[in-house]
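Going down the list, the protein sequences come from chains A and B.
Number 473 in the numbering used here belongs to position 418 of the first sequence; there are no gaps in the numbering.
Number 490 in the numbering used here belongs to position 435 of the second sequence; there are no gaps in the numbering.
These aren't lab readings, by the way, just hints derived from the structure by calculation.
Hints may contain errors.
Computed cross-link-like contacts, DSS-like style, restricted to lysine-lysine with a CA-CA straight-line distance of at most 27 Å [what the hints assert, rightly or not]:
no., chain 1, residue 1, chain 2, residue 2
1, A, Lys425, B, Lys86
2, A, Lys380, B, Lys428
3, A, Lys305, B, Lys86
Only part of the chain B face toward chain A is listed, based on derived beta-carbon distances under 7 Å [as the list claims (entries may be wrong)]:
no., residue
4, Lys234
5, Arg306
6, Gly307
7, Gly371
8, Ile373
9, Glu379
10, Leu519
Glycine included, every Cβ here is placed at the ideal spot set by N, Cα and C.
There are 2 protein chains.
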Amino acid sequence: MKAVETIKQQLDYIFYPNSIAIIGASRNPRKIGHQVVRNLVRAGYEGKIFPINPHAKEILGIPAFEKITDIKDEIDLAVIAIPAKYVLETVHECGKAGVKGLAIITSGFGEVGKKELEDEIVRTAKSYGMRVLGPNIVGVMNTRHKVNASFCPILPEMGDIAFITQSGALGIALVGWTKMNRIGLSSVVSVGNKADVDDVDLLQYFGQDDQTKVITMYIEGLHDGRAFVNVAREIVKEKPIIALKVGWSKRGRLAVSSHTGSLTGKDTVFNAAFKQAGIMRAETFQELFDWALALSLQEIPKGDNTVIITNGGGAGIIATDACEKYNIKLIDVPAYPDLEAKFKSCMPDFGSARNPIDLTGQAGHEGYNKALKYALTDDRIHAIIAIYCHTAVTDPMAIAEGLVDAINETQSRKPLVVSFIGGENVIAAINWLREQGIPAYPSPERAVFAMSGLFERKEILEKLNQHT
Amino acid sequence: MKAVETIKQQLDYIFYPNSIAIIGASRNPRKIGHQVVRNLVRAGYEGKIFPINPHAKEILGIPAFEKITDIKDEIDLAVIAIPAKYVLETVHECGKAGVKGLAIITSGFGEVGKKELEDEIVRTAKSYGMRVLGPNIVGVMNTRHKVNASFCPILPEMGDIAFITQSGALGIALVGWTKMNRIGLSSVVSVGNKADVDDVDLLQYFGQDDQTKVITMYIEGLHDGRAFVNVAREIVKEKPIIALKVGWSKRGRLAVSSHTGSLTGKDTVFNAAFKQAGIMRAETFQELFDWALALSLQEIPKGDNTVIITNGGGAGIIATDACEKYNIKLIDVPAYPDLEAKFKSCMPDFGSARNPIDLTGQAGHEGYNKALKYALTDDRIHAIIAIYCHTAVTDPMAIAEGLVDAINETQSRKPLVVSFIGGENVIAAINWLREQGIPAYPSPERAVFAMSGLFERKEILEKLNQHT
């Protein structure tokens, strides 16, 4: 018998394995067992890979084993992708082989009524000290450890956001979506039937994972809402948790029960529970990641005074409206004549320093750079929203560089969100800004929404501190 | 004196000119007068171009004239891009030269307090029978007539959506944005100071423009709200009008008055007026064009019964929630056993025909094609939302083709909106679908929102018919 391990130790075998066995590894590229091996190789996984296949000498050039008990090395993680009827026996063998953790991709258990078999698998695994992720999952990914033990063909960009998804299909689609949008993730985990490892375990785990700053979740239903709230409430003190809880509509609840078999309670209950736990609730996956991006890249504002820097009156008005919608307080710049004079020095006469600071359509690298430096270094300003509306005469990349230069020159960590509006070359600038660690968005409303996430986080932390 | 012309005739000179003079045409690429000539050439404008420049023999190879009165041909449109102090005199000359319509790009009039000069320019123009667009505008574009008489460097994609914008900068940025997103426009017009041609004129004009099916507007303020509502109410009987009215927040109102000098009333007044006129109100520019795309490409549903076809349970749940949010009624498929059997025949056993119709992650070209054909041809279904969540094993383009094939095979015009979720290759499929005339979006919520626009339009028409 092993000594009792912490959840951190148990799940490190799954998220940071030094060796991975793939049971059901196949030479047929259409088989999931083949894809997992291929995806590990493509991801550049540096640990040992052990394909298990009784009929193959090698898979993709990697020596294969007939059965897992033939492996003499330590095996941290076994990924199981064989028909459901063979899984229980295989779990026994994994236990005998000293495997530390299991990810069962195979489906056909609790979700089709075979809950007893599923429970027996978990009991068996636990008797050997193994935790089980799944069954019925896409797999698990860790960008820094270069693990793609899943049938999702691509590994996300590296970043600080952990993503826990109850829908495997949505998980795969969103890995592609986050990659395209330069949203960096630390880990992605599909929870499937949550027969053993569930949301509570994963919250505890990512709460302690050094590579994760923000935890995002796609939730259809929860097994134990009370335990979830209690754990979340602790984790939230250290890291933001953002949840997209779907199935809130009457008909959506029915769809949830037919999809994952999970019962989902009334939405008002979830709302109250999330609020109590300090979980931020997103309404769409775009909101989920818009917030997560800002929270993973930016610090929390030290006060409420926000300034909008723009080159277009219209875009400034849109951002101003959005600030009111999201309760963001715009500082009254003309109340501070020295500050107004500073901003006035960044623009032609017909500009405006009334907040929105309208640098006018002529503003390029220099105008944005200068105005942002004033905003970053003035202690009366606590948060900055910079907006660029693409014009006929300015280069979005030059302006993006002006913003990054201002941060480097001031070494300020004051929270900043950015919106660039326009076509292809604007998207290139947004992607580059995201790569530089600046949360940039293609519309002013989304940038302001992202900033609202930083303020909501600030409020949550303040409330938690009052209660302790 | 000319005979009195209709607004259609007057503005056709501006939107469908057979000849364009550019006053202030320059050899210097940094000058707006140069850019307008260049943009007309690049757009492939097929009418006559007359650059006016007292010091140049030609601009970009096109013979230039010293003054507009030197031109012996008919001149439909004169674009004015010279310093403000010379504009009045030039308008006189345009009148003498028999110019039919004016677009004054030059700024420095009403927006900086020179309202009297602006008024005199308009009086002068009118005395010669010319209508004035502007001053203080980006210019005017018409995609089918290949007119880009503006300093916006690109012409939008061809389409059926007219876009009237009170912000020139936002207009330019959104032309790039719509082009990138394959949203086709008929005309784009920046209204500037609205010294003469205003929103009311433009509504009347686009109401009669054969190339325009949907009218979109970015509005900061209106001169004459009552006239606007009265005209809009008539136009709406024929064509949808969608407005993004900004400056609704307290501070946004101040920003509007400092940006365009227009006073903007209380937002509740606008809301009531828009509702009375049957104008659809968008909250963001993304919503504006999400609705416009659907309304320009799809017909209005003949009833309320909507079906969701998906390959992923999660995406189906998200769409179901969104349908409840936007009051879209999902048909209870199992209540019609023959219909349920049809859909069941499109999927493996573990799929669901309960609506969302879950074809499962295995669904490819054939599954989507077959299910969509059943939905298109069954009279109990009136509207269709098709969702594809990118998987590891299916090709988004093949599925997009499956959808288009179903439409071609059935020749059905039943309204359809689509969402494809994923990365780059999914965006390619979305763009292709848009080019094929199918409103496709990168998230289920946006597709459902687009469908809600078709239903809102249906309701507006029903209400208008009750009142007449």
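*Please write out, lowest number first, the hints stated earlier that are contradicted by the structure.*
2, 3 and 10
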